[in-house]
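Novice: Sequence:
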Amino acid sequence: MGILWVLVPLALALSGIAVVAYVWAWRNRQFEDMETPAYRVLFEDGEATRRGPRANGEVDKAKGHEARG
1 MGILWVLVPL ALALSGIAVV AYVWAWRNRQ FEDMETPAYR VLFEDGEATR RGPRANGEVD
61 KAKGHEARG
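Position 7 (the sequence shown) corresponds to 7 in full-length UniProt numbering; numbering is contiguous.
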């Protein structure tokens, strides 16, 4: 029965920390966009996507098809 004097305050303290963390995340807009970070991995940020299509018909090695120009 004496362990309850330790466990109850410990549970309340951990619950309070969780509530504070949730309020902090809410105020700092951590829940604004939940979809974009999951899809960000699928997009390439390399040089090939920034240069655009090749005009000389050279095969794009990253994509495995001829560039249209």
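Be aware that a few hints might be false.
Beta-carbon label-pair distances, calculated as ranges [unchecked claim]:
id	residue 1	residue 2	range
1	E44	Y22	29 to 39 Å
2	W5	T36	40 to 50 Å
3	P37	W5	40 to 50 Å
If you're looking for bench data, these hints aren't it; they were derived computationally from the structure.
Keep in mind the model is a prediction, meaning the values are calculated, not measured.
All residues carry an ideal CB built from backbone N, CA and C; glycine is no exception.
Novice: All hints, please: hold or fail.
Specialist: Now the hints, each set against the structure:
1. E44 <-> Y22: 29 to 39 Å: holds, 35 Å
2. W5 <-> T36: 40 to 50 Å: This hint holds: roughly 47 Å between Cβ atoms.
3. P37 <-> W5: 40 to 50 Å: holds, 43 Å
Hint violations for this structure: none, all hints satisfied.
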